[in-house]
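Number of protein chains: 2
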Amino acid sequence: MAEGTALPLVLLAEQFAKLPGIGMKSAQRLAYYVMSMSSEEAQELADAVVNVHKKVHTCKVCMNFTDNELCPVCADSTRDGSVVCVVESPKDIAAFERTREYKGVYHVLHGLISPVDGITPDDLRIKELLARVAEGEIEEVIMAANPTVEGEATSMYISRLLKPLGIKVTRLAFGLPVGGTLEYADEVTLFRALENRNEM
Amino acid sequence: MAEGTALPLVLLAEQFAKLPGIGMKSAQRLAYYVMSMSSEEAQELADAVVNVHKKVHTCKVCMNFTDNELCPVCADSTRDGSVVCVVESPKDIAAFERTREYKGVYHVLHGLISPVDGITPDDLRIKELLARVAEGEIEEVIMAANPTVEGEATSMYISRLLKPLGIKVTRLAFGLPVGGTLEYADEVTLFRALENRNEM
Numbered sequence: 001m002a003e004g005t006a007l008p009l010v011l012l013a014e015q016f017a018k019l020p021g022i023g024m025k026s027a028q029r030l031a032y033y034v035m036s037m038s039s040e041e042a043q044e045l046a047d048a049v050v051n052v053h054k055k056v057h058t059c060k061v062c063m064n065f066t067d068n069e070l071c072p073v074c075a076d077s078t079r080d081g082s083v084v085c086v087v088e089s090p091k092d093i094a095a096f097e098r099t100r101e102y103k104g105v106y107h108v109l110h111g112l113i114s115p116v117d118g119i120t121p122d123d124l125r126i127k128e129l130l131a132r133v134a135e136g137e138i139e140e141v142i143m144a145a146n147p148t149v150e151g152e153a154t155s156m157y158i159s160r161l162l163k164p165l166g167i168k169v170t171r172l173a174f175g176l177p178v179g180g181t182l183e184y185a186d187e188v189t190l191f192r193a194l195e196n197r198n199e200m
Numbered sequence: 001m002a003e004g005t006a007l008p009l010v011l012l013a014e015q016f017a018k019l020p021g022i023g024m025k026s027a028q029r030l031a032y033y034v035m036s037m038s039s040e041e042a043q044e045l046a047d048a049v050v051n052v053h054k055k056v057h058t059c060k061v062c063m064n065f066t067d068n069e070l071c072p073v074c075a076d077s078t079r080d081g082s083v084v085c086v087v088e089s090p091k092d093i094a095a096f097e098r099t100r101e102y103k104g105v106y107h108v109l110h111g112l113i114s115p116v117d118g119i120t121p122d123d124l125r126i127k128e129l130l131a132r133v134a135e136g137e138i139e140e141v142i143m144a145a146n147p148t149v150e151g152e153a154t155s156m157y158i159s160r161l162l163k164p165l166g167i168k169v170t171r172l173a174f175g176l177p178v179g180g181t182l183e184y185a186d187e188v189t190l191f192r193a194l195e196n197r198n199e200m
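Going line by line, the protein sequences match chains A and B.
Sequential numbering of the first sequence, starting at 1, is according to this note's numbering.
Sequential numbering of the second sequence, starting at 1, is according to this note's numbering.
Do not rely on the hints blindly, as some may be mistaken.
Same chains, same names: a pair is fine if it fits in one copy or spans any two.
For lysine to any residue, the following SDA-like pairs were computed, each having C-alpha atoms within a straight-line distance of at most 25 Å [as the list claims (entries may be wrong)]:
#1 K55 / S26
#2 K18 / V50
#3 K60 / L130
#4 K18 / N51
#5 K54 / E14
#6 K25 / F96
#7 K25 / G151
#8 K54 / S39
#9 K91 / L11
#10 K163 / A153
#11 K55 / R29
If you're looking for bench data, these hints aren't it; they were derived computationally from the structure.
Excised from the complex, chain A in its bound form (with noise of 0.2 Å):
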């Protein structure tokens, strides 16, 4: 921010301009709306930003984020425990969560391999599914990581790990997104769903 402004107000916009998505212009308009808002809701704001530091932790089982030993989803005995679905990050979760029609329980690897970025598989969580793995309840992986090459290279390598042990390995289909329409899709898209078509 330019001369002329408070101090705090520009240390604000700082802090602001550090999170994904927003700019430094956006990061001043916000660094004002905080200072037009009450004292109570700019601490409500601040303590909200560090209870999820002070609160939320992984879930002991599938890695998830909670505020309890067990995530919402381990914690739940109606969930089926066979089919684990293995996601890059928790937020991955409430987007299956939101289709409220899969009813396994999940695995989180928080990253995918990505030799650019210097990430092994030594960085994510593949030893802590190998192992739940080997407590012999799961029958069925379903691979979940993002289609990129980073997604499709950690799903190959967890593939090749699990096959061995007898496990069956799935993968998320691709196709045309619904409501979608042919004119928009992405040749490979449309490839893979003429590739993938089901019989009516």
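Following the hints, position chain B against chain A.
Just chain B now, with coordinates in the frame of chain A:
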């Protein structure tokens, strides 16, 4: 956020979603990002939020935000105290200061007259402006409220109060934005640019 998400993360996302320009989807992403920050970084963000309320208040002269008795502009003895630029909010001062060309001082109204929203002249810092003018040093008042209905109404109102006092009241020029093209200028702007044309 859906089930399967830790409550403190949901609460933080709700706090972020209260900020202007941040929808629920972005708010969730920000909440997960805070979780990926170190505890120290999260504490710094929280402290910055609380600090603007603890440390920032209005300058006793111009009503700009400051963490001292006087804002940086009013505290600067090289500024020309005979010219006052009247703006809606402190962030407008930052915009003027970025030009590095304006050498006068400011007065922040902290709002604009808006009968629809129940904001009357008494809700703005107009009395404080009149008190400054009464001290006798001010020769020119530049009305720099945004060119909206409320901005125009406020500028007209203040102008009518100041003119009988023998103060020169001016306003910002309308015209083409620098770097803009005729093709994309709206008709009102183009008409104003034509009307205010200058000899070359």
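- request: Determine which of the earlier numbered hints do not hold for this structure and return their numbers in increasing order.
  value: Failing hints: none at all.
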